[in-house]
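J.: Here are the chains, one letter per residue:
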Amino acid sequence: MSKSSFSLKRRLGYFLLTIILSLIGYIAVIVTVLPLVSPFISSMGLVMSATDSTDDLKTGSIFEPKVDLAEKDTVNEKDIVMPVYGTHYAKLEIPALSVSVGLYFGDSSQVLKKGVGQYIGSSLPGYGRPILIGGHNNGAFNALQRVKVGDTVAITTNYGVYQYRVTGTSVADQSDKSAYDLSQNKEQLILYTCYPFNTLGLTNKRFFVYGDKISGPEIVTD
Amino acid sequence: MKRILSMAICVTLLAFACITASAAGLDANKSKILDSLKTEVSVGGKKVSLPAELVVQAENFLKRDDVNITSEQADEIIDNINKAMNTLKSSGITSISNLSLKDKTAILDNIRAAAEVVGLTVSVNSTAKTIVVLKDGVPVATNEVALKITGPDVTAIYVFSGMFLVLIAGCIAVALKARLFVK
Chain U
1 MSKSSFSLKR
11 RLGYFLLTII
21 LSLIGYIAVI
31 VTVLPLVSPF
41 ISSMGLVMSA
51 TDSTDDLKTG
61 SIFEPKVDLA
71 EKDTVNEKDI
81 VMPVYGTHYA
91 KLEIPALSVS
101 VGLYFGDSSQ
111 VLKKGVGQYI
121 GSSLPGYGRP
131 ILIGGHNNGA
141 FNALQRVKVG
151 DTVAITTNYG
161 VYQYRVTGTS
171 VADQSDKSAY
181 DLSQNKEQLI
191 LYTCYPFNTL
201 GLTNKRFFVY
211 GDKISGPEIV
221 TD
Chain X
1 MKRILSMAIC
11 VTLLAFACIT
21 ASAAGLDANK
31 SKILDSLKTE
41 VSVGGKKVSL
51 PAELVVQAEN
61 FLKRDDVNIT
71 SEQADEIIDN
81 INKAMNTLKS
91 SGITSISNLS
101 LKDKTAILDN
111 IRAAAEVVGL
121 TVSVNSTAKT
131 IVVLKDGVPV
141 ATNEVALKIT
151 GPDVTAIYVF
161 SGMFLVLIAG
171 CIAVALKARL
181 FVK
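Protein chains in written order, with this note's numbering: chain U, 1 to 222; chain X, 1 to 183.
Hint data in this document are derived by calculation from the structure and do not stem from the laboratory. Be a bit skeptical, because a hint or two may be false.
[Claimed, not checked] Computed cross-link-like contacts, EDC-like style, restricted to lysine to aspartate or glutamate with a CA-CA straight-line distance of at most 20 Å:
id	chain 1	residue 1	chain 2	residue 2
1	U	205	U	176
2	U	213	U	93
3	X	32	X	75
4	X	129	U	93
5	U	205	X	144
6	U	78	X	27
7	U	72	U	218
8	X	32	X	66
9	X	83	X	72
10	X	46	X	103
11	X	83	X	109
12	X	38	X	76
13	U	78	X	72
14	U	177	X	144
15	U	78	X	65
16	X	63	U	79
17	X	63	U	218
18	U	91	U	187
19	U	66	U	218
20	U	148	U	93
21	X	32	U	77
22	X	63	U	187
23	X	32	U	64
24	X	63	U	176
25	X	32	X	79
26	X	38	U	181
27	X	89	X	40
28	U	213	U	181
29	X	63	U	68
Isolated chain U, as found in the complex:
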């Protein structure tokens, strides 16, 4: 082997090894630091996904709250427009946590990139039955880790403003149906998100926040 050929190999070796070690180091840093920065990364993803043209789910909006929503005791069911899956139909706010986010009917992954999503097997506010709403733990519902009993949650719809007082929280496995009762005849607000809050990847645990209705117009029929 000639001296020039060996020198070329050495230079190539230095180059390749530098790349290899850099990549290994980069991956090591990602694995180590990612759990800390994942909320930020995901938040950026949420912002970017808001204009994702590949999202083929129809996620229109019917949310146009009227100014005279307050102080109504009842609302006629015929004045309510039932949303289609993926429709932005309300706004969810938790003043104590500075949370204000769009509420969608449906909870697909596409929907949850845009806001918080209501399970379509639960009822709309005002019907006197449970309302199950999920949201990303690296989005609006990351703040749920700071929620306290007594905090209020407001859902503003086109037909009324509904207030709920937080009564408790819990952590349960996602397969544990005892954590949420959708058959009860009570308007219980149930918010949930993945737990632990800063975990990376999939988790079977969910963090639940429960609230009881304290105000808002009842829905009546003719």
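Given the coordinates of chain U, work out where chain X should sit on it, guided by the hints.
T.: Using the frame of chain U, we list chain X on its own:
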């Protein structure tokens, strides 16, 4: 029992497919369908009924402004529900997974027949044992789990990590071929 309910749900949901367009709320025809969905049936000596979340899905759908059901349509839907329920009752089996292929096919036929009346489609995932009823490609009802994945989406990170690993492997392969690790 849950599987039975799931199947019954399918039938029910398909029944909801009988949709056209009208005012919001529940009229007599819609109420008639809902009542049939809430009815308990006896299968193998056990009382079976649809889970509350499925009934609510049906109710939410029926309350839509663009859903109108004539008396004839309602009767046809209920007839399909009853046929599916009778299949279950006659089998005496409370778990859909244990039903014979003939019974499963019969029930699915009832579901599809009801759906076609109003232009709804039924998507069946036999592996996941889930059924989604769609209107114009948009979900109307499903027996999928209520709690969704609400953690960070790390797909992109996994993809980039995979690309880096492939790149590293390529570098190592080139280095070995060039005998760069040999003194």
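J.: Of the numbered hints stated earlier in the document, which are not met by this structure?
T.: 4, 13, 23, 24 and 29
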